[in-house]
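Those protein sequences? They're chains Y and X, same order as listed. So in my numbering, the last one in the first sequence is 624, and the numbering has no gaps at all. So in my numbering, the last one in the second sequence is 396, and the numbering has no gaps at all.
By construction, these hints were calculated from the structure, which means they are not laboratory data. Some clues are possibly wrong.
Claimed, not checked - Taking lysine to any residue and the SDA-like style, the derived pairs with C-alpha atoms no more than 25 Å apart in a straight line are:
{"hint": "1", "chain 1": "X", "residue 1": "K175", "chain 2": "X", "residue 2": "S296"}
{"hint": "2", "chain 1": "Y", "residue 1": "K567", "chain 2": "X", "residue 2": "Q281"}
{"hint": "3", "chain 1": "X", "residue 1": "K208", "chain 2": "Y", "residue 2": "T556"}
{"hint": "4", "chain 1": "X", "residue 1": "K175", "chain 2": "Y", "residue 2": "E540"}
{"hint": "5", "chain 1": "X", "residue 1": "K171", "chain 2": "Y", "residue 2": "V458"}
{"hint": "6", "chain 1": "X", "residue 1": "K175", "chain 2": "Y", "residue 2": "K567"}
{"hint": "7", "chain 1": "X", "residue 1": "K208", "chain 2": "X", "residue 2": "L116"}
{"hint": "8", "chain 1": "X", "residue 1": "K175", "chain 2": "X", "residue 2": "Q281"}
{"hint": "9", "chain 1": "X", "residue 1": "K208", "chain 2": "Y", "residue 2": "S390"}
{"hint": "10", "chain 1": "X", "residue 1": "K208", "chain 2": "Y", "residue 2": "K567"}
{"hint": "11", "chain 1": "Y", "residue 1": "K468", "chain 2": "Y", "residue 2": "G391"}
{"hint": "12", "chain 1": "Y", "residue 1": "K438", "chain 2": "X", "residue 2": "F335"}
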Amino acid sequence: MIIETPNSSVGKLNAQEILQAINVTISYSGNPAIDNLSLSVPEHQITAVIGPSGCGKSTLLRSFNRMNDFIPDVELKGRILYMGEDLYSSEIDPVEVRRRIGMVFQKPNPFPKSIFQNVAWGPSINGYTGSLEERVEKSLHQAVLWDEVKDRLQDSALELSGGQQQRLCIARALAMEPEIILMDEPCSALDPISTAHIEDLMFELKLRYTIIIVTHNMQQAARVSDFTVFLENGRLVEFGNTQEVFTRPKEKRTEEYVTGRFG
Amino acid sequence: MKNQSLRQRYAIGRIFHLVCVGLTWLGVFVLFILLFHVSREGVAWLDLQFLDSFPSRFPQKAGIKSALLGTVWLISFTATISIPVGVAAAIYLEEYPKRSGISHFIEINIANLAGVPSIVYGILGLVIFVRFMGFGRSIVAGSLTMSLLILPVIIIAAREALRAVPTSIRQSAFALGATHWQTIRSQVLPVALPGILTGVILALSRAVGETAPLIMIGALTYVAFVPEGPMDPFTVLPIQIFNWASRPQDEFHQVAAAGIIVLLVVLLMMNGVAIWIRHWAERRQR
């Protein structure tokens, strides 16, 4: 299915589209935070969402796994299709959506429990009947954390460093075996070395998962992503191949933003 | 000129500091005088015989057994009733998204109920539990009345504890596909538990010391038996103490002092348990 969008660069995407936003408007108490936005997210790629503070990046991201449901007075118009299914149709259970579309938050937020329990909790509450040990080990391997924590799985997750905690949160999301992982500025609370760890990890993860990352850090978007979305004031300004968006942007505002002239 | 005003400001700061220290110690000092007075009068009367005897016309034979056991009965039942109701109400008000004005209405009422004098609860208990529901002057009627009295306190304390749980914990639970119940049960409640329990125990210790509503519903002052079931009449420590203190004989005043020591020990034990539970639960989380 090809969605017509105001931006022609979308047509150049040849990977399969896993997530599509069609004329999406999201408002808080009547004030639009996302204004008539259409977008197609390709599968097994990293899509970065950039833009100045308050442009609606996080709002958009949180609409993809219905985390906005918890904010009172939020209203969404338009459709968000996940593999062709409308995430906001009345037949869709938001809990089911969040099982398939995982999320990593800005600040590392492990549960105040053991490392093992942090990863095992998701599968265990979702009726996973296989070996939790295996699932935990696999997820920690995927998050490149296993070697650092394998001898202390029963220790509290709060004893880990910030970067380790964030990788634990990624492992926790991976343990659900989601299709898509949403990352909301996952490195903004981390030091450069931890950030590098997480960026390396993202390259590995994209073989299996689709990643959408919101970031304030332009270099990070340029380094890790395959596609870039530039938002301003809730509107999609430009969406395309990352290299093109950063080197030959079509819109003047994009050029001004990525070269650091504002924002 | 400048220096002088600075010195003046320092002086004001020092005076304020001294006033705070003085007033703090004033409170502690009064408390110590009270404790000293009570122990001097009562310690001599405090022995196993005192703990294991029923009230009597003779101060030498008088004991606190029925009142102590009455208090244990009353508090056990009050806890059984008020903890589930109070915690459930707090979870409803704090964890479920606010619809309509109903929860707002409930909130205002709870805040107001916390300030209602305890004697008013006594009248309510007398009308509803003792007479209308026909529980008589029993432990059940007393416990229900006490539960009403401390429910607002439990609800407010439990809500504070729930509110102190970081939102990020709920969000990450929801983002893992947890339902509302799974999130509350496995992530929110364990974190809030120490706070909830501390609030509950402080509320229960208030119930231990409360007299007025029980006098209102007609708890007996002279009980020469141990309550054997929830429908039995009963007395509690503060009523027994009040009874002894209002006798003309000087010996009975000393017996009352001994009773006060027992009451204080019970309260201190409950607070000790609260502290212990909080430490235990916090260690388990780390």
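- [ ] Assess, step by step, whether the Cα of X:K208 is no farther than 25 Å from the Cα of Y:S390, and give holds or violated.
- [x] holds (15 Å)
Decide if the proposed pair is consistent with the structure: X:K175 and X:Q281, CA atoms, cutoff 25 Å inclusive.
-> violated (52 Å)
| query | For the pair supplied as a hint, X:K208 and X:L116, is the alpha-carbon distance within the 25 Å limit? | reply | With Cα atoms ~52 Å apart, X:K208 and X:L116 exceed 25 Å; violated.
| message | Holds or violated: Y:K468 and Y:G391, Cα atoms, limit 25 Å. | response | Outside the cut-off at roughly 28 Å; violated.
### Task
Would you mind confirming whether the straight-line C-alpha gap from X:K175 to X:S296 stays at or under 25 Å?
violated (42 Å)
*asked:* Between the alpha carbons of X:K175 and Y:E540, is the straight-line distance 25 Å or under?
replied: Not OK: X:K175 and Y:E540 at ~67 Å, beyond 25 Å, violated.
Verify the proposed pairing of Y:K438 with X:F335, using a straight-line Cα cut of 25 Å. violated (71 Å)
Is Y:K567 close enough to X:Q281, meaning Cα to Cα at most 25 Å?
-> Distance ~24 Å between Y:K567 and X:Q281 Cα, so the pair holds.
Q.
Does Y:V458 sit within 25 Å of X:K171, going by the straight-line distance between their CA atoms?
A. violated (73 Å)
Is the hinted pair X:K175 and Y:K567 satisfied, with a Cα-Cα distance of at most 25 Å?
Answer violated: X:K175 to Y:K567 is near 73 Å, above 25 Å.
Quickly compare the C-alpha distance for X:K208 and Y:K567 to 25 Å and report which way the hint goes.
Violated, at roughly 39 Å.
Worksheet item: Given the hinted pair X:K208 and Y:T556, is their alpha-carbon gap at most 25 Å?
Response: violated (39 Å)
In summary, the structure is inconsistent with hints 1, 3, 4, 5, 6, 7, 8, 10, 11, 12 from the numbered list given earlier, while agreeing with the others.
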